[in-house]
Amino acid sequence: MNGAAGMAPRDLLTDRLMLGLAALVALVLGMPALKPLFATLYPTLDRPLYEAESFLRLTLDHMALVGLSSLAAILLGGGAGIAVTRPWGREFRGLLETLATMGQTFPPVAVLALAVPVIGFGAEPALIALTLYALLPVVENTIAGLEGVPAAVLDSARGLGMGPLEVLFRVELPLAAPVILAGVRTAVVINVGTAAIASTVGAKTLGLPIIVGLNGSNQAYVIQGALIVAALAVVIDAAFDRLARWATRWSQS
Amino acid sequence: MIAFEHVTKRFGSWTAVESVSFTVAEGEFRVLIGPSGSGKSTVLRMINRLIPADEGVVRIDGEDIASLKPEELRRRMGYVIQSVGLFPHWTVERNIATVPALLGWPKARIRDRVTELLELLNLDPRRYRTAYPHQLSGGQQQRVGVARALAAEPRILLMDEPFSALDPITRSSLQAELSTIHRRTGTTVVFVTHDMDEALRLGDSIAVMDHGRMIQCATPLDILTRPASPLVRDLVGREEWGLKRLSVETVGDRARPHENLTGSPLASETPLHQALSEMVARGTERLPVVDGDGRPAGVLHLSDLVRPGSGGHA
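From first to last, the protein sequence lines stand for chains A and B.
Adding 213 to a residue's 1-based position in the first sequence gives its number in my numbering.
Adding 519 to a residue's 1-based position in the second sequence gives its number in my numbering.
Hints listed in this document are in silico derivations from the structure and should not be mistaken for laboratory results.
Keep in mind the model is a prediction, meaning the values are calculated, not measured.
No residue lacks a Cβ here, since even glycine has one placed at the ideal position from N, Cα and C.
Any given hint could be a false lead.
Some chain B residues judged to face chain A by a derived CB distance under 7 Å, without partners named [to be verified]: (1) Glu590; (2) Tyr598; (3) Leu621; (4) Tyr651.
Please model the complete structure; the sequences and the hints are all you need to start from.
So this is what it looks like as structure tokens:
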């Protein structure tokens with residue numbers, strides 16, 4: 214597998230991750246340069262470019278919110294998924310799956326609306342809503358990945374004298390990694406989109422220009438926010454693609 | 520030495536193993552045989568505590584294994600299963616190094632040991648050391664499985680139908696290699712199978728299990744000539760009984776030591792059924808025999824094959 218450093222210029226043009234990154238950086242830093250374009254497209258608008266916050270600030274805050282909520286979901290969901298596949302945690306599996314499903318079927322807007330009176334406005338209610346939302350794919354794929362480890366492999370791991378933690382970290386998790394990663398990927402990509410909604414409760418994300426634009430009938434704002442969210446989603450998806458190939462490198466030889 | 524003292528194992532209301540007692544001596548090759556569900560695999564897995572005994576005591580060298588840490592107990596034993604169970608994300612080298620790595624051997628020692636084992640199991644180290652399990656055939660995978668089990672020089676090797684899933688030719692060559700390894704290392708082997716030919720070929724002694732009980736434990740010759748019950752007789756099978764009878768003794772057991780004959784000789788450890796086959800193939804009634812060092816060791820006559828041998832009461 215090629216690292217980005219060793220790539221020929223031709224590969225850079227065909228690599229999804231590199232292309233997406235280039236597009237993302239160009240959009241985030243170069244949006245002000247597109248002001249004349251938006252002015253031409255929407256001649257009736259007084260302000261055709263969102264300038265209340267820099268797009269760099271919004272993008273970094275957006276990424277931080279997605280990153281933190283995903284990390285929380287991976288730790289909570291992954292940990293719970295591991296726990297219910299151990300002999301001592303098996304009986305809690307049904308309960309966990311029910312909770313995770315509820316977390317995802319609950320609309321994020323409703324979680325935000327319920328969390329604000331308790332926690333107040335800002336990033337915290339958004340963090341909670343996004344974490345709950347990301348939990349289900351992580352939990353389900355952690356369980357599915359761990360259960361997919363062949364029984365014979367586990368039998369020989371134990372039979373050769375690996376302890377429970379050695380079996381988990383040296384055998385089960387590496388073999389379950391592709392499936393778990395697929396769940397994390399789903400969760401993170403969904404959260405990149407969902408985090409935009411968090412701007413309704415005062416979290417500064419790329420949803421801010423979208424929501425301000427929707428309220429003020431400024432389509433240019435909506436497009437500017439949405440373009441960067443889309444580019445961010447492409448970059449993250451492509452990065453997970455890389456990660457998934459790395460996690461299964463042994464099966465590709 | 521392995522000792523079972525009135526060991527019982529139940530799964531719910533089903534008794535898998537019922538008050539089984541037996542010992543396996545140091546260096547012995549003991550085969551456990553029986554129909555499926557007879558409890559033979561359960562007995563094997565109680566030796567390394569993958570299954571804990573409900574009643575009774577299992578001892579290794581006099582020590583009750585319930586008092587040992589299961590991981591430490593298992594690292595002292597090799598373990599090979601039918602479906603091999605190699606770690607698919609590890610190279611052949613890392614798979615074989617599993618137990619030495621758990622035991623914290625230095626890297627150089629592990630590397631040398633892996634080379635030694637690959638050669639012992641007839642796998643070219645240059646070609647297979649860095650290969651992944653999915654790049655190997657079934658027979659090669661089980662060779663790696665055996666190498667992995669032998670890696671930390673265990674004094675006990677536990678094998679649960681290790682060759683059952685292999686084609687007859689691969690199975691036969693692995694059986695021969697296992698016999699050689701057993702002779703060379705003196706490792707105690709407990710080997711589960713449902714194949715009586717395999718049991719007769721490999722075992723110093725054979726324990727027959729049925730419905731969780733051990734119904735006979737004897738030498739291959741005694742299993743053939745003095746079956747303790749109709750089940751044992753059925754397991755042996757009536758077909759080709761004579762050839763099986765010949766397969767448990769060697770040319771050296773029956774040859775006339777003071778005679779001499781020229782011609783292409785047989786090694787004294789050749790099983791008698793192969794000697795018979797050789798006589799038929801060559802169209803002769805007498806074959807010269809040599810010992811392990813290639814020195815003349817007498818002559819085998821066709822009539823020697825039908826003369827009742829040691830313990831022959833058939």
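These are the hints, each one checked on the structure:
no. : hint   : verdict
1   : Glu590 : holds (5 Å)
2   : Tyr598 : holds (4 Å)
3   : Leu621 : holds (6 Å)
4   : Tyr651 : holds (5 Å)
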